[in-house]
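Top to bottom, those sequences are chains E and L. The opening position of the first sequence corresponds to residue 1 in my numbering, with each subsequent residue numbered one higher. The opening position of the second sequence corresponds to residue 352 in my numbering, with each subsequent residue numbered one higher.
The hints are simulated quantities; they were obtained by calculation from the structure and are not laboratory data. Among the hints, erroneous ones may be present.
[Claimed, not checked] Okay, the calculated bits of chain L under chain E, using three or more residues with CB under 8 Å as the criterion: (1) 663-669; (2) 672-683; (3) 695-702.
Every residue gets a Cβ at the ideal spot worked out from N, C-alpha and C, and that includes glycine.
Number of protein chains: 2
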Amino acid sequence: MMLKDCQLVIMAGGIGSRFWPMSTPEYPKQFLDILGIGKSLLQLTVDRFRDSIDVRNIWVVTSRNYTDIVKEQLPEIDAEQILSEPCMRNTAPCISYAAWKIKKKYGNVSMIISPADHIVIDVSKFDEIIRQGLAFVSGSSRILTLGIVPTRPETGYGYIKSSGISEAGDPVCVESFKEKPDYETAKKYFEAEGYYWNAGIFLWQTDTILNEIRKNEPEMAELFESAVPYLCTDGEQDFINSIYPECKNISIDYAVMEKTCNAYVIPSSFGWSDLGTWGSLHERLSHDKNDNTSVGGNVKFVDCSGCIARMPANKKVVIQGLAGYIIAEKDDTLLICRLEEEQRIKEFSKY
Amino acid sequence: MMLKDCQLVIMAGGIGSRFWPMSTPEYPKQFLDILGIGKSLLQLTVDRFRDSIDVRNIWVVTSRNYTDIVKEQLPEIDAEQILSEPCMRNTAPCISYAAWKIKKKYGNVSMIISPADHIVIDVSKFDEIIRQGLAFVSGSSRILTLGIVPTRPETGYGYIKSSGISEAGDPVCVESFKEKPDYETAKKYFEAEGYYWNAGIFLWQTDTILNEIRKNEPEMAELFESAVPYLCTDGEQDFINSIYPECKNISIDYAVMEKTCNAYVIPSSFGWSDLGTWGSLHERLSHDKNDNTSVGGNVKFVDCSGCIARMPANKKVVIQGLAGYIIAEKDDTLLICRLEEEQRIKEFSKY
Numbered sequence: 001m002m003l004k005d006c007q008l009v010i011m012a013g014g015i016g017s018r019f020w021p022m023s024t025p026e027y028p029k030q031f032l033d034i035l036g037i038g039k040s041l042l043q044l045t046v047d048r049f050r051d052s053i054d055v056r057n058i059w060v061v062t063s064r065n066y067t068d069i070v071k072e073q074l075p076e077i078d079a080e081q082i083l084s085e086p087c088m089r090n091t092a093p094c095i096s097y098a099a100w101k102i103k104k105k106y107g108n109v110s111m112i113i114s115p116a117d118h119i120v121i122d123v124s125k126f127d128e129i130i131r132q133g134l135a136f137v138s139g140s141s142r143i144l145t146l147g148i149v150p151t152r153p154e155t156g157y158g159y160i161k162s163s164g165i166s167e168a169g170d171p172v173c174v175e176s177f178k179e180k181p182d183y184e185t186a187k188k189y190f191e192a193e194g195y196y197w198n199a200g201i202f203l204w205q206t207d208t209i210l211n212e213i214r215k216n217e218p219e220m221a222e223l224f225e226s227a228v229p230y231l232c233t234d235g236e237q238d239f240i241n242s243i244y245p246e247c248k249n250i251s252i253d254y255a256v257m258e259k260t261c262n263a264y265v266i267p268s269s270f271g272w273s274d275l276g277t278w279g280s281l282h283e284r285l286s287h288d289k290n291d292n293t294s295v296g297g298n299v300k301f302v303d304c305s306g307c308i309a310r311m312p313a314n315k316k317v318v319i320q321g322l323a324g325y326i327i328a329e330k331d332d333t334l335l336i337c338r339l340e341e342e343q344r345i346k347e348f349s350k351y
Numbered sequence: 352m353m354l355k356d357c358q359l360v361i362m363a364g365g366i367g368s369r370f371w372p373m374s375t376p377e378y379p380k381q382f383l384d385i386l387g388i389g390k391s392l393l394q395l396t397v398d399r400f401r402d403s404i405d406v407r408n409i410w411v412v413t414s415r416n417y418t419d420i421v422k423e424q425l426p427e428i429d430a431e432q433i434l435s436e437p438c439m440r441n442t443a444p445c446i447s448y449a450a451w452k453i454k455k456k457y458g459n460v461s462m463i464i465s466p467a468d469h470i471v472i473d474v475s476k477f478d479e480i481i482r483q484g485l486a487f488v489s490g491s492s493r494i495l496t497l498g499i500v501p502t503r504p505e506t507g508y509g510y511i512k513s514s515g516i517s518e519a520g521d522p523v524c525v526e527s528f529k530e531k532p533d534y535e536t537a538k539k540y541f542e543a544e545g546y547y548w549n550a551g552i553f554l555w556q557t558d559t560i561l562n563e564i565r566k567n568e569p570e571m572a573e574l575f576e577s578a579v580p581y582l583c584t585d586g587e588q589d590f591i592n593s594i595y596p597e598c599k600n601i602s603i604d605y606a607v608m609e610k611t612c613n614a615y616v617i618p619s620s621f622g623w624s625d626l627g628t629w630g631s632l633h634e635r636l637s638h639d640k641n642d643n644t645s646v647g648g649n650v651k652f653v654d655c656s657g658c659i660a661r662m663p664a665n666k667k668v669v670i671q672g673l674a675g676y677i678i679a680e681k682d683d684t685l686l687i688c689r690l691e692e693e694q695r696i697k698e699f700s701k702y
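Using the sequences provided together with the hints, build the complete structure.
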């Protein structure tokens, strides 16, 4: 059953530097068929909501460099619903832009904020949580964030600590947000109760987020208030282009989530990954008996273990004698590096 | 000074399987600019003789699959001088074909037999040895082979043992030929005197080799005798196509060199390599301070040592954390393998 009036905002402006060379600033991760299944992560994100959100209620906020890619990948979405950022300013301005525009067009409605580059395995479970969450925020000033129940002591995600323990999966108050922990701390979080991975998926009413921005980032709120006369008019893009660079470069987590008293978390288990690293992609793909995995190309592993290869479709590849390596090629760029050194990929991409 | 009447036969029919994926059966090693200097190994071979052999006296024997490549790479050589083998039959039939044809056209003259895919660093020293060698075989029934003075205990080459020790670099009798040795044996050869690498370069008079083939491979001799009426006529290729498959698949080493009593070896030091392995190519190229080397592409080694990368010209490559690996790409095929496993490349090429 479609969720009436609920507006979905997909944030698709990232540059995915950790997935170089597959992901490039010209064509980043969210637009790639990173799992090798024939759809980009952005397309999979839209698919995930296809049964609950009318396509007319889906918004995509992206860099102006990517609007053409979004239009190409999501031809069913009206160009009016694709919001174009003139520069990168993190998630708070992105969400503000969408929220002020939705407010002008639809008033105070339910909103879902979702990244464009994550994966969800159990979509029906996901849908259930979204519906439960929307009921929870409806008609209130609550902010709800989806907290992924940890399945391992992961050091690559931020954590949400709940205040008390959720009963029967109901939302509970957020006590605090935790930065990416070291391994020892991650182990403690994993063993304790009430710690969740911060998936960056938010549910709220339009007025809630507007008020939170007004309260916590008044300058940003003022910029978007000044834009209201132009939103949904021919002058919108020009005006946005003029104010966007003035916005503080700040995430919604820092701008709002860590400051508000209205944050709740709903424990969620639906097979989630932000696919933020080659390691997390490696985990999500099926492996041969030596824990090797490949997407694309015709890849033969010989005496290899724990490797991930991502190759162009027509490529024939023989890899011998590697343990724990990334082998990735796109266009005319090839990367071979240790999986455990993948945090240096951004550095490698600059050579 | 040009060597009058001397005929040079370049054998260019190999498939270079050990250099896959750069070398493929469609376009093998001898036709590649394997050193990245703008000329193929075949072109370098011809260049090596440019000051001593008139281009009208240069013959290239190759597979019929490669005659077009030879014509393209050596436009200065008359198409009549490019002999086309209808099938692969190793070096004895290849040399016989050339020798019988040269005999018919020029009678009993000096001949030089050279592989197409080796490199020589000191070309003037090489030229000196060739001239000295030709004087030695001239007007005699001697067979002279160039014996490379070993510079290391190499296990990848066959050896020639001389009978006694050469004085002042003069040719000496061959006592025996030795198969590729194991490391211990190679060390003994290296430390002893009178052992040379078999470079597969031969000098003789036409009649000498014809008589040796007649004596040691009478059936092969008979086949080529039967071809004489057709050689240098329009019927040559058809006739060769009909008899060639009948020839024994045998090297000149087995067919003649190991049996004859007329074999001599001349000690030679001119910086030679058969470039038969990635390892030998690695040795020949200049290295960075960590012993990495690359040909083609824009290759950046990070935390690497002892690696060799051979990449297409426009490729950008970052390689991190590898020690002792080959990374080679051609067309749509990529090989990554341990240098010490390179003897398995033929196997890898079949995946």
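> Can you list which hints this structure breaks, lowest number first?
Replying inline: As far as the earlier hints go, not one is violated by this structure.
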